[in-house]
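Peer 1: Can you build the whole structure from these sequences, using the hints too?
Protein chains in written order, with the working numbering: chain A, 97 to 385; chain B, 187 to 476.
By construction, these hints were calculated from the structure, which means they are not laboratory data.
Between beta-carbon pairs, the in silico distance windows are: (1) A:Y276 / B:G296: 55 to 61 Å; (2) B:G296 / A:F157: 35 to 41 Å; (3) A:R177 / B:P341: 43 to 49 Å; (4) A:G223 / B:R291: 34 to 40 Å; (5) B:R291 / A:D213: 21 to 27 Å; (6) A:I285 / B:V355: 41 to 47 Å; (7) B:P297 / A:K261: 47 to 53 Å; (8) B:P297 / A:Y99: 26 to 32 Å; (9) B:M357 / A:F372: 23 to 29 Å.
Think of the CB as a built atom: it goes at the ideal place given N, C-alpha and C, for glycine as much as any other residue.
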Amino acid sequence: MYYVELLISGLASGATYALFAVGLTMVYGTFRFINFAHGELIAWGAYGLLLFMLPPLSLSFAAALAPALALSAIIALGTERIAFRPLRKKAAVTILIASIGASYVLRSALQLAFGGDLKSYPVAFEGTVDLMGVRVTHVQIAMVAAAAASFAALHWLLRKTRIGKYMRAFANNPDLAAIYGLPLAAVRIAVWVLGAGLAALGGVLVGLDSNLDPFMGLSGLIKAFAAVLIGGPGNVFGALIGGLLIGTAENLSTAVISPGYKDFIAFAIIFLLLLFRPQGLFAGRTGVR
Amino acid sequence: MDYLLHIAIMAVIFMVFAASLNLQLGVSGLYNFGQVAFFAIGAYASAILSTGGAPIGLSMLAAIVVAALAGLLISVPLLRMRGDYFGIASLAFAEMIRLLALNERWATGGPMGIPAIPRPEWLGMAPTSLVQFLVIAAALAALALAGLGVLQRAPFGRTLKLIREDENVAMAFARDVKAFKRRAMCVSAAAAGLAGALWAHYLTYISPNDFTVQTTILLLLCLVLGGKGTIAGPILGAGLVMVIQEALRFLPLAPELGRLVAPIQGIVFGAVLVLLMIRRPQGLIGEMRE
Chain A
97 MYYVELLISG LASGATYALF AVGLTMVYGT FRFINFAHGE LIAWGAYGLL
147 LFMLPPLSLS FAAALAPALA LSAIIALGTE RIAFRPLRKK AAVTILIASI
197 GASYVLRSAL QLAFGGDLKS YPVAFEGTVD LMGVRVTHVQ IAMVAAAAAS
247 FAALHWLLRK TRIGKYMRAF ANNPDLAAIY GLPLAAVRIA VWVLGAGLAA
297 LGGVLVGLDS NLDPFMGLSG LIKAFAAVLI GGPGNVFGAL IGGLLIGTAE
347 NLSTAVISPG YKDFIAFAII FLLLLFRPQG LFAGRTGVR
Chain B
187 MDYLLHIAIM AVIFMVFAAS LNLQLGVSGL YNFGQVAFFA IGAYASAILS
237 TGGAPIGLSM LAAIVVAALA GLLISVPLLR MRGDYFGIAS LAFAEMIRLL
287 ALNERWATGG PMGIPAIPRP EWLGMAPTSL VQFLVIAAAL AALALAGLGV
337 LQRAPFGRTL KLIREDENVA MAFARDVKAF KRRAMCVSAA AAGLAGALWA
387 HYLTYISPND FTVQTTILLL LCLVLGGKGT IAGPILGAGL VMVIQEALRF
437 LPLAPELGRL VAPIQGIVFG AVLVLLMIRR PQGLIGEMRE
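Peer 2: So, in C-alpha cells, the structure goes:
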C-alpha cells in the first residue's frame with residue numbers, strides 16, 4: 097500500500113510538472129530558446145491567486161483563479177516584449193542570459209511584494225478520499241484532473257483549430273510559415289498565454305498542496321526542464337509523459353534513498369539526457385514541433 | 187572603516203571568481219552557469235580540512251587541487267555538449283553539488299553548514315585583523331589574476347579565442363579543441379576553488395545556501411557587466427557589483443525598509459543583466475577585435 101500511495105502522489109506531482117513544462121517546451125519549439133524565467137510564471141500564478149484572495153479584493157478561490165492565470169500571462173507577454181523580442185536574432189545563449197536576468201527581476205519583485213516567508217492560501221482543501229484502501233487527497237485528484245483536462249484541451253486546440261495549425265506550422269518551420277504569411281503575432285500570443293496560464297495553474301495546485309515559497313518557481317523550472325528533456329524539446333505531449341515519469345521516479349525514490357535527495361533525481365535526469373539523448377526519449381514522434 | 191575593508195575583501199574574492207569564469211565564458215565561449223560548484227568545492231574542501239586541524243595554507247592548496255580535479259572530471263561529460271545545453275547541464279551539476287553539501291551531514295554539516303572556520307594567522311601570531319586578511323587575500327588574488335591574465339594573452343588563450351570563434355579553423359590548424367577546452371575548465375575551476383577557499387576563511391562560516399543559483403546570477407552579472415573576454419572586465423565588474431551590493435547592506439535604514447533592500451537590488455541587478463544583453467552585450471570594457 098505504501099508504494100501505491102507513493103506512486104499516486106508521484107503521479108499527482110508529475111501532473112503539475114507536466115503543466116509547468118508545456119510553456120517551456122512550446123517556447124523552445126517555436127522560438128528556439130530556453131526561457132529561464134519560465135519558473136517565475138509558475139510562482140507569480142500561485143502568488144497572484146493569493147493577491148486576489150487577500151484584501152482589498154478578497155475574491156473567492158474560484159473567482160480569483162482566472163485573474164491569477166491572466167496575471168501570469170500578462171507577465172509572460174511583457175517579458176517577451178521587453179527582454180526577448182529585441183534579441184530574437186541573437187544566439188540562443190544570449191537570450192538565455194537575458195532570461196536569467198528576467199527571472200531574477202521577477203523573483204525579486206515577488207519577494208518585494210509578498211516578503212520572503214512561506215505563505216499559504218486562506219482556504220484549505222484538506223479532504224481525502226479512500227480509493228480501495230489507498231488514501232488520496234482532494235488536491236491530488238485536482239492535480240491529475242487539471243492536467244488531464246488541460247492536455248485534452250491542448251490536443252483539441254493544436255489539432256482542430258486554425259490557430260493550433262498555425263502554431264504547429266511555426267514550430268515545424270518558422271521561415272516557411274512566415275513566407276506563407278501565417279500570423280506570427282497571433283501565434284506568439286497564443287504560445288505565451290497558453291504556456292503561462294498552464295504554468296500558473298500548476299503553481300496554484302502546488303501552492304494548495306504545500307506552501308507558497310518565493311523560490312517555488314526555481315524548483316518548478318528544474319522539474320519542467322527535466323520533463324521537457326525526456327519528452328524531447330518542443331514536444332508538448334512528450335512533456336506530459338516526462339512530467340509524469342519524473343514525478344513518479346522522485347516519489348518512489350524516497351522509498352530507497354534519503355528524501356533530501358529527491359530533487360537530485362531531476363538534476364541527474366537533466367544531466368544524463370543532455371549527455372546521451374538530447375533529442376529526448378521519444379525522438380521522431382513529434383507533438384507541436 | 188571595517189565596512190570599507192569588508193567591501194574590499196569581498197570585491198577581491200569576487201574578482202578572482204569572475205576572472206575564473208571569464209576564462210570559460212569569455213575567452214573560450216563555454217557558457218558555464220555552474221561555476222559556483224567549484225567555488226563551493228573550494229570553500230568546503232578548505233573548511234573541512236582546516237577545521238579538522240590542517241594548516242590553512244595547506245588546506246587552501248588542497249582546495250585548489252580538489253577544485254581543479256573536479257573541473258577536469260566534469261569537463262569530460264560537459265564538453266560533449268555545446269551552447270545552451272552545456273549551460274543548462276553545468277547549472278544542473280552545480281545544483282547537484284549543492285544538494286550533496288546539503289545532505290552529506292557527516293562531512294558538510296548539512297543545512298547547518300560549517301561554523302568556526304579559522305582565519306589565517308599572521309606569520310604564526312594571533313588570528314588576522316581585517317587589514318591583514320585583506321593583504322593576504324589581495325596578494326593571492328593578484329597572483330591568480332596575473333596568472334589568468336598571462337594565460338589569456340599567451341598562445342594558450344589565443345587558441346581558446348580561436349576555438350570560440352571557429353572550431354573548424356582551430357582544427358584545421360591541428361589544435362586539439364577538446365584538450366584546450368578541458369585545460370581551460372581545469373584552470374578556471376582551480377581559480378574558482380581559490381576564491382571559494384578565501385571566502386570560507388574570511389566569513390568563517392559556510393552553508394549550502396551560499397552556493398545557489400542566486401550566486402551564479404551575481405557572478406554572471408559581474409562578468410557580463412565588466413566585459414567578458416577581457417582581462418580588466420571581470421575585475422571592474424566584480425568591483426562594481428560587490429561595492430554596490432555590500433554598501434547597500436550597511437545603509438542605515440529602519441528594519442522595515444531594510445527588508446526591501448535585497449529584493450530591490452535583485453530587481454535592479456536582473457534588469458541590468460537584461461539591458462546589457464540588449465544594448466551592450468560586450469559589457470563596459472568591450473573586447474578588442476581586429
